[in-house]
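Chemist: Take the given structure of chain A and dock chain B to it, following the hints.
Chains A and B supply the protein sequences, listed in that same order.
Position 286 (the first sequence) corresponds to 286 in my numbering; numbering is contiguous.
Position 222 (the second sequence) corresponds to 1222 in my numbering; numbering is contiguous.
These aren't lab readings, by the way, just hints derived from the structure by calculation.
Each residue gets a CB set at the ideal place from its N, CA and C atoms; glycine is no exception.
There's no promise every hint is true.
[Unchecked claim] No more than 25 Å apart at the CA atoms, straight line, and that leaves these computed lysine-lysine pairs for DSS-like: (1) K158(A) x K1188(B); (2) K158(A) x K1181(B); (3) K93(A) x K1156(B); (4) K83(A) x K1013(B); (5) K1156(B) x K83(A); (6) K93(A) x K1126(B); (7) K1126(B) x K83(A).
[Claimed, not checked] Derived CB-CB ranges, DEER-like: (8) S304(A) x E1263(B): 25 to 31 Å; (9) P1266(B) x L306(A): 22 to 28 Å; (10) D1028(B) x K292(A): 53 to 59 Å; (11) D1028(B) x E15(A): 49 to 55 Å; (12) D1205(B) x K17(A): 46 to 52 Å; (13) H1050(B) x K322(A): 29 to 35 Å; (14) K322(A) x Y1219(B): 41 to 47 Å.
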Amino acid sequence: MKSKKQISIQEAATEIKNGDAVIVAGFVLWRKPMAIVYEMVRQQKRDLQLLGANPGVDCDILIGAGCVKIYESNYVGHELFGKIGNNFARAVKAGTIICEDYGHYHGVLRLEAAAMGVPFLPSFSCLGTDLLNPEYDMLGQAGLRDGSNPRIPREKFKIVTDPFYGDGNVVLVPAARADVCIAHVRQVGDQGTVRIDGQRYADVEAMKAAKKVIVMAEEIVPEEELRRDPAANVLAGFRVDAIVECPFGGHPGGVYGCYDADGAFLTNYNDNGSRTQEDFERFAQEWIYGIKSHDEYLDKVGASRLMNLRANSSLKWSTTVKRGVR
Amino acid sequence: MSSPNYAKPGDYKLGALMVIAAAREVRDNEIAFAGTGLPMVGIMAAMRMHAPNAHLVYEAGTTDSMPISLPSSVGGPRCGHKAAVISGMADVFGMLQSGWVDLGFLGGAEIDKYGNVNCTCMGDYKHPTARFPGAGGNPDINALAKRTVYIMVQEKRRFSEQVSYATSPGWRVKWWDKDGKMEWVNRKEVYGKRFNGGPSAVITDMAVFRFDQETGIMYLDTVHPGQTIEDVKNNVGFDLDVSRCSGETPPPTYEQLDLLYNEIDPEGIFLP
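Next comes chain A alone, as it looks inside the complex (with noise of 0.2 Å):
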């Protein structure tokens, strides 16, 4: 029986709408649900704000695509396989964006902060670079930290004393809030009830921070399945809106336990498929626009390929993926 939650990948991005605080969930390359992030371009959202602790080829996409007017966190690329997040990288110096620059343990404090309710968590990290140089608050310079957003803090960051135990300079940055949290795992239950195998990056914080939960799942199994581990769950099914049933929903990024990252096809998408807007608009057209369904996209990529980046059901990773030049 099809679960009350469940929705399909056209419906799950519908739910994000234009102008909303948006949190794609995952690290750079893994457990990213990017068959939601290609339906966000496909429906041709605008002027989100992307926040989020570990953007990668999701918000270089995004970006691409026109669908963001706020980024704010700290790395765009895709590690070994594009030093620089292009589409990214362009839209900042051609000034299409505004780009509010962090670190990254500030922004994953950010998603605490709001995922505990409070307004702004402390830490140490950071002092004397220009990531904290009040020149270089670009929301503010743009007049819009007035207040009147209330996706958008009154102050980029405050720097403060620390009041208990005189540890001196205190870095407070303010909770991110966001309407909308998509995230991608291997496992859901028919209630919604969250399972992360392996690393859970800052995914937690993360569904925790939005007002609404989209999670997409390699597969949906039945909640008892999942309750007789409760340890190994990290978000009850009450706190998710809808879940989406997506195999293979994370590539060209890799989920743990079920298959690699696809080097070979980010690799391509860094060098032919994003260097140029036109590079971009071309891989768009044949990766996007020009793709029906999650089903067409998997035909298209192929199955030798996807069999080949699948994991090793002990190991955990593909054991069959060419990775380097040996």
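Modeler: The following block gives chain B in isolation, referenced to the frame of chain A:
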């Protein structure tokens, strides 16, 4: 003990020399933060050489793992093999902030003589001529670990008098008063009681550099085989202190090359 069986020039690539130089920075029993690329190869090599009891931490959320297959990303499944704990970033960054991490390896696009590193942009931040991925965990690790080692490409424009954007804090850092006026101050003043340390070495494709404990200024420590002090000076954009150069960077040994190419990176991911 027999003398090291150093590889002859032509028998090894620069990448291998750099990784082994990085590995030498790891001490036994240390807790080390590994980034994607040569740093993780360096730490894994150190753990098979002189530091078998070092503990490896990946910033995406694994503590004390023992990879048997080289991860191609800090967020990948190979990072979790035989880990003591698999958690998330809040956990490992919290461990870093509470002073547990001895050593972090980092990269960067541009560095100044105090070890301030830029991974954000070139030119004016508001209208950059080039944009890079951004901070990542660079400033966190550099602010909160006891020692950090940079692995970088040696070019005059990358070793600058002043970096375009100080993403990651060196030994003298930018500080703004209440009115937003900037001055350069000693890192210890800014971090106060929470000062843990800072940049310790820079390993490039030409040389190894270190920082003076008093002044925080970078100096040349060793020059890689085949390079001269003059070559290095010509590829540094500030007046480099070469008075303390202690000689040549030792090349990798044949045993170490075997370790790197046949055991740690047999697939040729980071060491083609």
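Chemist: A separate judgement is required for each hint: does it hold in the structure or not?
Modeler: We went through each hint and held it up to the structure:
1. K158(A) x K1188(B): 20 Å, holds
2. K158(A) x K1181(B): 15 Å, holds
3. K93(A) x K1156(B): Status holds; Cα separation ~24 Å.
4. K83(A) x K1013(B): 22 Å, holds
5. K1156(B) x K83(A): Roughly 21 Å separates the two Cα atoms, so the pair holds.
6. K93(A) x K1126(B): 8 Å, holds
7. K1126(B) x K83(A): Status holds; Cα separation ~21 Å.
8. S304(A) x E1263(B): 25 to 31 Å: Holds: the Cβ-Cβ distance is about 30 Å, inside 25 to 31 Å.
9. P1266(B) x L306(A): 22 to 28 Å: Holds - the Cβ-Cβ distance for P1266(B) and L306(A), about 24 Å, lies within 22 to 28 Å.
10. D1028(B) x K292(A): 53 to 59 Å: With Cβ atoms ~57 Å apart, the hint holds.
11. D1028(B) x E15(A): 49 to 55 Å: Once the Cβ atoms are compared, 52 Å apart, the range 49 to 55 Å for E15(A) and D1028(B) holds.
12. D1205(B) x K17(A): 46 to 52 Å: For D1205(B) and K17(A) the Cβ distance comes to about 49 Å; the hint holds.
13. H1050(B) x K322(A): 29 to 35 Å: For K322(A) against H1050(B), whose Cβ atoms are near 33 Å apart, the range 29 to 35 Å holds.
14. K322(A) x Y1219(B): 41 to 47 Å: Hint holds: Cβ distance 43 Å, inside 41 to 47 Å.
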